[in-house]
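**Q** If you want the building blocks of each chain, they are given just below.
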Amino acid sequence: MKRYTFRIKRFDPEKENFRWDEFSVDMEPMERVLDGLDRIKDYADGSLTFRRSCGHGICGSCAMKINGRNRLACQSLLRDIEGRGTARRAPTVVIEPLEAFPVIKDLVVDMEDFFEKNDLVLPYLINDEPPPERERLQSPSEQEMILESITCIMCGSCTSSCPIYWTDSQYLGPSSLLKAYRFIFDSRDRAEEERLEKVTGVHGLWRCHSIFNCVESCPKEIDITGHITELKRLALKNRFRS
Amino acid sequence: MTVKPNKKILRSYKWHTGSLAWIIHRITGILLFFYIFLHLYLINKLKDPEEYRAMITFMNDPVIKLGEIALLGLVLAHSLNGIRLTLIDTGVSTKLHKIIFWASACTGFVILTIGGLYILRGIK
Amino acid sequence: MTHQFDTVIIGSGLAGLRAALEAAGAGNVAVLSKLYPTRSHSTTAQGGIGAALGNEEPDKPEWHFYDTVKGSDFLGDQDAIEIMCGDAIRAIIELEHMGVPFSRTPEGRIAQRYFGGHTKDFGTAPVRRACYSADRTGHAIVFTLYEQCQLKGVKFFPELFVLDIVIENNRCHGVIVLEISTGEIHIFSSKVTLIASGGYGRVFKTTSNAYVSTGDCLSILYNRGIPLEDMEFFQFHPTGLYGLGILITEGARGEGGILINGKGDRFMERYAPTIKDLAPRDMVCRAILTEIREGRGIDGKDYIYLDLRHVPKKTIKERLPEITTFCKTYMGIDPSEQPIPVIPTAHYAMGGIPTDIDGRVLMDEKGSVMQGLYSAGECACVSVHGANRLGCNSLLDTVVFGRKAGRAIKEEIGRDTAGKNKKEDIVGARHAVPLLERSKIMIDSILKCNGKERLANIRTELQDRMMEHCSVFRDEKNLKGLIESIRNLKERTKDIYLKDKTRKFNTELIDAIELNHMLNISEVIASSAIERKESRGAHYREDCPERDDTSWLKHTLAFKTDKEIEFRYKPVNITRFKPEERIY
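Chains as they are written, first to last, in this note's numbering: chain A, 1 to 242; chain B, 1001 to 1124; chain C, 2001 to 2584.
Calculated from the structure, these hints are not laboratory results.
A quick note: this is a predicted structure, and the numbers were derived from the prediction, not measured.
Heads up, the beta-carbon is just placed ideally off N, CA and C, and yes, glycines get one too.
Mixed in with the good hints, there may be bad ones.
What the hints assert, rightly or not - List of simulated lysine-lysine pairs, BS3-like, C-alpha gap at most 25 angstroms:
1. Lys2499(C) <-> Lys9(A)
2. Lys1014(B) <-> Lys1098(B)
3. Lys2477(C) <-> Lys2205(C)
4. Lys2499(C) <-> Lys15(A)
5. Lys9(A) <-> Lys2504(C)
Unchecked claim - Reference listing, derived: stretches of chain A covered by chain B, where coverage requires no fewer than 3 residues with Cβ under 8 angstroms from a Cβ of chain B:
6. 66-76
7. 89-102
8. 120-126
9. 152-166
10. 221-229
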């Protein structure tokens, strides 16, 4: 057991003000930040509010800013948290809500806009050709193309960490662009043109400046910038061709 | 119900290699943009031989020499990062972006040192 | 605020989404969820979805049918199982056409792998039947169905918490929900309501289930007089990460992983000589716990190893990337270098709301139908899983019976649009008003709670007790004690203390309501377990260790009455395979 200080940025929706609260919690270094939040909610302050569901990095509910960077609380172990303690002071875990999204309460942010952006890129397989009787064939190498992009859990860490999104709230954001990639590069999809048109607007693809914050924060370790770059190249190629 | 995004975001979000490169690129870009106007203005003044001689003497001032080194630094930072971005955009793996950053930084530093010594040697 | 929809679906997991997709063909459809739709617990399904595609080796739906019946310890209704296994191939092909990124064979077909209890030729050897997308099959299918629903114009309402289900004169008129972010109460009035709210694994201490799997809708329906079927059957998954309960897919054993005890023995050879580590989950769980009880755990402790060290690294990297990450993140071990410490973890509820094969909710043992109410997925009990579910049959259950329920709903709405509906809508809303008031009073009274008990203490005690006395091994004495303590805990909840008195996003309030539901459900589970004096599938009674087909080849139905729980029974539908001894 080791003592940790949790410093949490709180937002009270009734008084509409922010404040910082500190809690001391005794925990094992192998425990998750989410366990710490649970313990605080259960035994210290029941009003502490945060989202959580699966608890092992699949559902994407508990994305938050932990010690200055976006991560999933359920996937961050205390021993991996950089908040170094000293002999006098316990290691500190600073927790804030995701940046750039409006805060609803404490660590809960409004994800409505995030999901709506995703809807803009036609996020579904489009193929009007009559399907074969059995499965559409797709070679392992064709699947390899989308293998990384399909692991996205839509937690919002990437979009919220993107400096472009901080300044341009209309920017599609890394998550939606990744979604566009997932379908454009699926060998079974036939709507490359339409989708490219959706992502190449003023607030789309070209706003990405390869800052890599999305890659740094992605809990599924997806090379999002790499995927966006791939999209950029495709868009450029198509433009030259036409 | 909701509030505006955090204004102190640049201070509170952790800086990574990529975002550092990005902010350096912005700042050097803006500075170089203004420098171009200064440069054009000074060039424009050189029509008169008197002015020209005065300028040459002025340029030998150690402070100005240091300024030139700074200018070299700006140009190096901006252009090397520009090359880095072009490399990434044209298909060199994005997974190498950190390595390219530090390689560019080292290259830049070496050129800056050599160039700096060369400039300083020019002081009479 | 009152909303009007033809179909209201509670739950945005696979069953809910699949039904929504089908029902979207007739009238408007609303999907309500406690979370955002893509966060439902179906996303955590790892290993695969079963269908006798025969892409990797010859396979027949008939064999799948037999395996499922045998896996269910002959308690599954065979008409339903036959439908599910027969429809499986079509269902998978349909999912593929919708865009599910299944893993592929070198020829580009859907790849398949071994899974527990799935055999060829009626039990002679394991067969590759589980179609998968690496080890994130559930995630891949949820996203695809969610995307397709958006395309069809299904309306999603995220973060709504169901407070009550409006049932009047044997007809369901809709639901009453709490909008979590604002604290406002809404009425969703509907012609048809489908419950696809998932499981309730959170009543156990060690579980692979999400925080939200608390069985709210089951508890509400039970309170409203709908019986709960076969609640004594709760599946434990043999391989949960030690200490955390996080699921390590059966696919790990399907790809060649083996279980070893403290002595380094591959002990499953003794318990299931033919298919060894690929035996059904109930048997593997009992085997693991027997090894541990007899002192053959690792270093005498309470876990054993799942060993993947001999599996090629490439296989692990390509087919089991997610569990590799779990092991690295939470245990600090690399499965290709070190064995994984595992224990059984509460995983899946075989029991639930009784339904017919079209998802209509049944009110009694005679099969009377509750009008306008459907159910599908883990919360429902068709029953295809009987006393024990086979791995990769749950995803199949959701897409097959989700679709069937959706079709039946579509038909019902279609019939209804002839004329009279308008009037009935108003009736529906009127029925809801008194319930709305009751929900308001309930919330107000919880918010006023200023007692001495901590919510978390009661919840933890419930989970501990359930784990101790109602998990893999059970006996009458302990179960009786358990019921005693559950009733005790129920009393204690009257004296709880809530710090958060606000309305907006009050998760403490939701925790309190969920706790009541969990206690309710736990009581039914434990009571049903006492009643069934035999051992069958996942229900193992140490005081009656034999299966007893003469007295107990029947489904349990638990009804709520004013005093004790009332039990009635209905026969198992046996069409093709007569009960036989279950050896693997």
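**Q** So, for every hint listed, does it hold in this structure?
**A** We went through each hint and held it up to the structure:
1. Between Lys2499(C) and Lys9(A), the direct Cα distance comes to roughly 18 angstroms. Compliance with the 25 angstroms bound is thereby established for this hinted pair.
2. Under the criterion of a C-alpha separation no larger than 25 angstroms, the hint pairing Lys1014(B) with Lys1098(B) is consistent with the structure, at around 16 angstroms.
3. A hinted pair counts as satisfied when its Cα atoms are at most 25 angstroms apart, and Lys2477(C) with Lys2205(C) qualifies at roughly 20 angstroms.
4. Distance hint between Lys2499(C) and Lys15(A) is fulfilled; the C-alpha atoms sit about 16 angstroms from each other, no more than 25 angstroms.
5. Proposed proximity of Lys9(A) and Lys2504(C) is supported: the alpha carbons are some 17 angstroms apart, at most 25 angstroms.
6. Restraint check on the region 66-76 of chain A versus chain B: 3 residues with Cβ-Cβ distances below 8 angstroms, three needed, restraint holds.
7. With 5 residues having a Cβ less than 8 angstroms from any Cβ of chain B, the region 89-102 of chain A passes the three-residue criterion, so the hint holds.
8. Check on the region 120-126 of chain A: 0 of its residues sit with their Cβ under 8 angstroms from a Cβ of chain B, so the three-residue criterion for coverage is violated.
9. Evaluation of the coverage hint for the region 152-166 of chain A: fulfilled, as 3 residues show C-beta separations to chain B shorter than 8 angstroms, against a requirement of three.
10. For the region 221-229 of chain A, the stated coverage by chain B holds: 4 residues have a C-beta nearer than 8 angstroms to a C-beta of that chain, and at least 3 were required.
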